[in-house]
Every structure is written in structure tokens, then in C-alpha cells.
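Novice: Spelled out, the chains give:
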Amino acid sequence: MKTPLHDVHAELGASFTDFAGWQMPVRYTSELAEHRAVREAAGLFDLSHMGEIELTGPGAAAALDHAFVGRLSAVTPGRARYTMLCAPDGGVLDDLVVYRLAEERYLVVANAGNAAVVSRELTARAEGFEAEVTDRSAETALIAVQGPNAAAILGPLTDADLTGLKYYASMPATVSGHELLLARTGYTGEDGFELFLPAAEAPALWRKLAAAGREHGLLPAGLACRDTLRLEAGMPLYGNELGPELTPFHANLGRVVKLDKPGDFVGKVALERAGDPDRVLVGLKGSGRRAPRHGYRVLHGDDAVGEVTSGALSPTLGYPIAMAYVPPALREPGTALSVDIRGRVEPVEVVALPFYQR
Amino acid sequence: MAVRDADTVRVGITEYAQDQLGDVVFVDLPEVGRQVDAGEAFGEVESTKSVSELFAPLDGEIVAVNGAVADSPELINSDPYGEGWLVEVRVSDAAAIDGLLDADAYQRVIEG
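As they're listed, the protein sequences go chains R and F.
So for the first sequence, the numbering used here puts the first residue at 4; every next one is plus one.
So for the second sequence, the numbering used here puts the first residue at -16; every next one is plus one.
Do not take every clue at face value.
The list that follows gives simulated cross-link-like pairs (lysine to any residue, SDA-like), each with its CA atoms no further than 20 Å apart [claimed, not checked]:
hint : chain 1 : residue 1 : chain 2 : residue 2
1    : F       : Lys32     : R       : Leu160
2    : F       : Lys32     : R       : Leu240
3    : R       : Lys288    : F       : Phe9
4    : R       : Lys288    : F       : Val92
Just the calculated beta-carbon pair ranges, DEER-fashion [said to hold, decoys possible]:
hint : chain 1 : residue 1 : chain 2 : residue 2 : range
5    : R       : Pro206    : F       : Ala(-11)  : 32 to 42 Å
6    : R       : Lys5      : F       : Asp(-10)  : 20 to 30 Å
7    : R       : Asp164    : F       : Ile93     : 50 to 60 Å
8    : F       : Arg73     : R       : Thr20     : 30 to 40 Å
9    : F       : Glu44     : R       : Arg345    : 39 to 49 Å
10   : R       : Leu262    : F       : Glu66     : 57 to 67 Å
11   : F       : Phe38     : R       : Gly180    : 48 to 58 Å
12   : F       : Ala(-11)  : R       : Gly346    : 32 to 42 Å
13   : F       : Tyr89     : R       : Glu130    : 51 to 61 Å
14   : F       : Tyr89     : R       : Gly158    : 26 to 36 Å
15   : F       : Ala79     : R       : Leu320    : 37 to 47 Å
To give an idea of the interface, some chain F residues facing chain R are shown, with a C-beta separation under 8 Å as derived from the structure [as the list claims (entries may be wrong)]:
hint : residue
16   : Gly5
17   : Asp6
18   : Leu12
19   : Asp85
20   : Tyr89
21   : Gln90
22   : Arg91
Because the hints were derived from the structure by calculation, they are not lab data.
For each residue, glycine too, the CB sits at the ideal point set by N, CA and C.
Isolated chain R (complex conformation) (with noise of 0.2 Å):
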């Protein structure tokens, strides 16, 4: 599947690759000067391929506390939360952001390989209720522009209240004539908007960005980057970090789980009884320049006690960190342990996430 911003990516010479089905830039030039200009100036990316599912109705409310793990109802009009869609046995099946645009109206935005299974779940999920399901992946663009100069780039191109509008919120607004969801959330561990809009404007409105972004830094910022600039955040990524066989509390972010919100909801009983996990994400931080990847070993003296789900050589930090699963007893800041990389056994040590914090 192409995104309706495949024809700009090619004439600015990307780079693609194949993400969960969807032809999207990996890197425009390179990687590394992407993930700088995110860190230091600004990047904009495409994200159209995630999914967009819409909630309407006086039952969307009680819908959606009911299909997730997180208490949507008591989010404010105008706010967004991060939350989690579980199985009946607990099982993470996506990680995403839900925005409630008004009182009976609620965003979903899914991960592009998931949006299928959160468009299925939500319209069985949603029976019963006084709610409407409409999937809008299809005729819907996502634009984030993402860095420190962020506002700095919109704020030109909007009447919009940049500094009113504060971090996980959202408000339609009018951006260089187009009429769009503008949000203040990331994947990068910046400060930066996303721009929901119709898919065929897309086009348009990312050659307006790009070039007033031109005099703050801004680079076109493909996959690659945005997945160096999400694990030094220490951002969970669905597939790696996240997944059917893990529930939330493995991932540290039990705090999504609102065991405690009137009603049931789906993978509640099993959450309940889930106990403490048996092993639990932790940071890891190498030395030299070898990175730990996703898959290899990590081992506590010569026993292999855990895997390493994401790493990189940090392009902000200059050394390579980690993200793995290990025992609840080796998650302790300052831990030894050690990575088989390719054979080679190289240690590194707990420490805490996220890597890298603005």
C-alpha cells in the first residue's frame, strides 16, 4: 500500500522500505542527520499509514472504557491519553492514542500493522452500546512535524494558540488554508505536533511545512530515525517491546491498567489475577560502539536470562542501549549483565528509562 504522500517521498529521493504492508520512507539522505534535526531543530514525517478509528455516539464514552484498559471517559474533551487494547487473557494486542475531540466523539489512532485488529475489536467491543464505529484510515493523512522548533514552524502558519495548546491535546485549527486535527503529540521524545487532515490535501500541506520549516532545520525524517529517536525515549514499539504474549505490567506501564474503573472491561479479570511478571522490560546501556539488537541473548553470568527486544548505537548519546526483557530480580539500575552479540559477549548495565529525556 502506498500512503498519499508516496509520489513527495520519491521526488525527494527516499529510501523505502516495507512496514506492516504500507511503502514508506525509511531515509531521505541519511538516518543519522534525520535523527539529529528531530533532537535539534525539526523533522517532518509521514504517518499515514497508522489507523484513524472514529467513535461517535452518547455510548462511546462507555464504549471505549469498556474495549480497553484505560478510563476514557474521564479524559477532558480536547485531551489524549496513551492506552492499551487488551485480549481476554490480557494480552497487549495494540498500544495506542485515543483523543476525545468532544463529549460523544472520540480518536483512535492505531498502529499501522494493528489497525485492522483494533478496527475489528472496536466495531464487537462497541455492541451494546449507543456508538458508532467508522474506520477513516483509508481517507485520512498523518503529518508530524516533531523537534524543538516545532512551534516555531507552525505557529506562523496557524491562528491556532500553539502555546495554549498543551502536550497530549488536540484541536481542529486551520494550518496554511487547511482545515485539519492538529495535536500536540510524538513518538520521539520532542516537543511537536501531528496533523490529522483529509488524505488528499496531504500533498499540499507537506510542501507548505517543508518549506517554512526550511530556515528552522527542518528535514523530510523517514522510519528509521523515528525508531532511534523512540528507544532513546524509551518508547514501547508494538511487535518488539509489546506483543499478544505480554500484558502491560510486563512493559512497565501497568499505570494504564484501570482495574479500579466502574464497569467491565475486556481482559479485566485476567489482569486482575495476572500477578507480579515473571519478567519485566528494563533499559540497557553498552559501552563501545557493538549494539545489542532485537532477538540476541542477554545473559547473567554465563546463564541466558533474557532477550534483547530493541537496540541501537544511540545517535544522541554515542554509545548503544537496549531495551530487554529480564527476570524482576535483575531490574535494578546499576545490574551487570551481559549480550551475546553475534557470538561475542559484551557487557552492559541496567539502567533506567527513558535513555534520553528533553
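Once you've looked at the hints, dock chain F against the given chain R.
Specialist: Relative to the frame of chain R, chain F by itself:
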């Protein structure tokens, strides 16, 4: 790969390969004096997203290693046929050099 003289070749990765890898952030090269067989992995290049083994194109002995790329692996991206070279191999059988792809033939391979 470039031929230095009758029996020594300089080995690197191609422009196409560096473009596919993305930014190279680490390179692991062998010691001078090591014997390699054609097709044998003699080192690794790592980009932020991937790890790739380096395979010897011919049988021979490593006679030089480019120390500059260890400190500045980005040379592999910026100048793969120049400053970003990796090792020099003194080949066991100079005649084998003729059996390698030339640039035109390589181009046809990557274009499939």
C-alpha cells in the same frame, strides 16, 4: 573492489550496498596477516538499522586494513570507492581476479 597491482586487491563495499545499508556506524575489520577464503566472512559493517557481514571476494591474505574507517565509519557512505575502502588482500591466485564481475556486469545484477 579495485586491483592495486598484479596480485593485490583493495576491497570495499559498493555504492549500491552503502545506499542500502544506510549510515554506517561501526565496522569490524580483521587483523593484518589473516588468511581468508573466497566467500568467508572477514568482518562486519553495522548501520543503525542492520548488521551485514563482509565476505572475501577471493582467497588470500589480508595485507592492509583501513584504520580510518574504524574512527570514521561514515567514510564508507561518503566515499565507498575511495577513502572508505576496507582491506587489501594479496590473492593466492592472481588469475582468479579475472573471474570477478566488472562494474557493468555488477550494475546488471543489482538492476535484476
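Novice: Would you mind marking each hint as holding or not holding in the structure?
Specialist: Hints, one by one, checked against the model:
1. Lys32(F) <-> Leu160(R): Status violated; Cα separation ~35 Å.
2. Lys32(F) <-> Leu240(R): Status holds; Cα separation ~15 Å.
3. Lys288(R) <-> Phe9(F): 17 Å, holds
4. Lys288(R) <-> Val92(F): 41 Å, violated
5. Pro206(R) <-> Ala(-11)(F): 32 to 42 Å: 56 Å, violated
6. Lys5(R) <-> Asp(-10)(F): 20 to 30 Å: 50 Å, violated
7. Asp164(R) <-> Ile93(F): 50 to 60 Å: 52 Å, holds
8. Arg73(F) <-> Thr20(R): 30 to 40 Å: 39 Å, holds
9. Glu44(F) <-> Arg345(R): 39 to 49 Å: 24 Å, violated
10. Leu262(R) <-> Glu66(F): 57 to 67 Å: 60 Å, holds
11. Phe38(F) <-> Gly180(R): 48 to 58 Å: 54 Å, holds
12. Ala(-11)(F) <-> Gly346(R): 32 to 42 Å: 36 Å, holds
13. Tyr89(F) <-> Glu130(R): 51 to 61 Å: 59 Å, holds
14. Tyr89(F) <-> Gly158(R): 26 to 36 Å: Cβ of Tyr89(F) to Cβ of Gly158(R): about 50 Å, so the range 26 to 36 Å is violated.
15. Ala79(F) <-> Leu320(R): 37 to 47 Å: Given a distance of about 45 Å, which is inside 37 to 47 Å, the answer is holds.
16. Gly5: 5 Å, holds
17. Asp6: Status holds, d = 5 Å.
18. Leu12: 13 Å, violated
19. Asp85: 26 Å, violated
20. Tyr89: Hint violated; Tyr89(F) Cβ to chain R Cβ min 19 Å, cut 8 Å.
21. Gln90: 18 Å, violated
22. Arg91: 21 Å, violated
Consistency note: the structure conflicts with the earlier hints numbered 1, 4, 5, 6, 9, 14, 18, 19, 20, 21 and 22.
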